[in-house]
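**Student:** Generate coordinates for the entire structure from the input sequences, incorporating the hints supplied.
Number of protein chains: 2
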Amino acid sequence: MAVGKSAELNLSAIPGIRIGTASAGIRQNVRDDIVLFELADTTRVAAVFTKNKFCAAPVTLARQHLADARPNYLLINSGNANAGLGTQGLLAAQQCCEALAERVNSKTANILPFSTGVIGEPLPVNKVISALQAAVDDLDTEHWPKAATGIMTTDTRVKGCSRSLELDGATITLTGIAKGSGMIRPDMATMLSYVATDMPISQPVLQSMLNKAVNVSFNRITVDGDTSTNDALILMATGVVDTPEIESEGDSRYAEFLNVLSELCQFLAEAIVRDGEGATKLIKVEINGAASAEDAEKVAYTVAHSPLVKTAFFASDPNWGRILAAIGRAKAQQLNVDQVSIYLADVCIVKAGMRAADYTEAQGQHVMQQDEITVRIELAQGVFSTTVLTCDLSYDYVKINAEYRS
Amino acid sequence: MAVGKSAELNLSAIPGIRIGTASAGIRQNVRDDIVLFELADTTRVAAVFTKNKFCAAPVTLARQHLADARPNYLLINSGNANAGLGTQGLLAAQQCCEALAERVNSKTANILPFSTGVIGEPLPVNKVISALQAAVDDLDTEHWPKAATGIMTTDTRVKGCSRSLELDGATITLTGIAKGSGMIRPDMATMLSYVATDMPISQPVLQSMLNKAVNVSFNRITVDGDTSTNDALILMATGVVDTPEIESEGDSRYAEFLNVLSELCQFLAEAIVRDGEGATKLIKVEINGAASAEDAEKVAYTVAHSPLVKTAFFASDPNWGRILAAIGRAKAQQLNVDQVSIYLADVCIVKAGMRAADYTEAQGQHVMQQDEITVRIELAQGVFSTTVLTCDLSYDYVKINAEYRS
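Residue numbers (the numbering used here), protein chains in the order written: chain W, 24 to 429; chain X, 24 to 429.
Given that identical chains are not distinguished, each listed pair holds provided it fits within a single copy or across any two copies.
Straight-line distance between alpha carbons at most 25 Å, and here's what the computed DSS-like set of lysine-lysine pairs gives:
| no. | residue 1 | residue 2 |
| --- | --- | --- |
| 1 | Lys-354 | Lys-74 |
| 2 | Lys-130 | Lys-150 |
| 3 | Lys-76 | Lys-307 |
| 4 | Lys-374 | Lys-74 |
| 5 | Lys-374 | Lys-76 |
Just so you know, the hints here were simulated from the structure itself, not pulled from any lab data.
**Tutor:** Now the structure itself:
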């Protein structure tokens, strides 16, 4: 199940990026589970990773390699997270990078490893290594759609999008892909996402842009509140376009580029929630008038994580009492219950902390029948706002997570 | 559904407490939904209420009345929470108290009101008032089982227990009842619980005992993480037994009494989790070796609330990767992932942050087949421990909360 129409995947190539995929048969033999990115030497790379303290071995190693050298290759496998395996996991990630380095005549530190899939099972290193040559032979600028498929696990849809913009007469392209469906409550990053552009951008500026874009996109979604051990988002700027590099936030093109980057990240983040495990509805929880950014987030996530609220959405039941109870327990520093208003789309259901006088159940039910619903909560305590995307809690969520080992 | 055998309800009368029940037909006409407690004049009362800022009207009024006078009556209705209704709700609770005060020749401030049931629908005051005389006529010391039934909502089992102890030659009795099944994550109290004893205990000492007992019982359970708007726990000491009053914590009988009180509260709290909505398993999450009490709680509740962990328990799947991921995202101040060990009952599944060398999936599955499972997490960072009780997340949880308005 997934919410809304599946968008067509028109992904533009990014000059300076080639992609190859192959099948290593990590969990099944039918589809490609190895994805290899090759980056032009001019490419600058920025990254954000999970804040889960039990981070996976490839996350630890990728962080090290990023600190040591400029990446030339990204090596990704799906089907196995290589997490929860201690030094054995680190060794496995290291061996994969070494084998690739040998084949492509690179240094191990120039390779960033990524894994996604089941936690706690040893990564079948030999299978991965056996598939490397096929992935290298497959390298091509047009393979973004194959990459978007190759990184999937419990996803039911491929997720990707492209954008372009004009900056001082130069045409700039951005393309990104992502995967993720369960264990989604990114904290600095998402499951796995790779975004590239041909714009020349210095590394510090690229990292600052990425941090800002993530903060309004991947860090504002939740499916189940469970932050993954493997989250990673990589932003690559190949610099192939013949235009001056963006070297500081003072550059007039900075804001324009960041704007499009943020939009692209928001598209990918929303695609993950639309494909949330068992999701039948996309819920936008919008908080206005909070006394602080922290208060806005606390209220937003408490509502977005409440199993009672989420099952009510699944049932199309405008059960505002559950929303109100979630707001009340959110531990906001400043909350006056008599000033809270709640809207379902444009229908005011709670005014001044109680059922709105002219609200009828029929109005609420009309909104709840929609696939995509905005819950707007007005706290009237200050000027801070936030929006969090989530989905409902359905029978299929239980089924997916009870029947399959993830 | 509920976990474990249903215990027989042998509830001892408490001299000084009489109970009457009646049917007001608030939601259905078939069963009693009004419960009235009459307390002897000598009774001291201690109370804890929900910390949800959207607390229900009866909670607000009960707090006021407790501050103003010594309670003689508790008036409880099930089927309607009288919450989310602003001043209209307060007026309704006030009217019920006034009507009862008139009938029993008491003052309004001597009556504590309680409600539980659906949020946001106006309390049918006239129905409640019409049933008052029948409840008064029904007053009897032996009616504890009827009270335990009368306060139920989505509960599938009645919950109550009695204990007795000898203190300096005097035989002391304690009896308590509770209700609760969903919207359970008490924060200072539980849905509704009433505990009484015939022991003479001064009010400040009674309150201190209650706070301590709640902290090791009702404040250590969660079904769905949703703190209710109506939680209340009332402890009554009628003082009918002819023995000196406990007037300070220095009294040698203080610890003995508190011990039995805590045990009784733990029994009731556990009964609520066993009857958690859709529950098929009782899960005890035990944290040892935390660097602080806060860290222990953060880890315990993050594991206990994780939908991925809870669905794995429902599926009897020893999916330790999900437990490990939950520990890692719990935001404990001090956590060294390489020192974490996890046990399912006596089976060590994770040692030093990774799958235990001699662990086999068969061992894990054997434990997961049980109805009642202890997950023990050793953090090896300090000396703080805590235990939280929760249940699994099943299809029936979604069904109960999607199909019924709560």
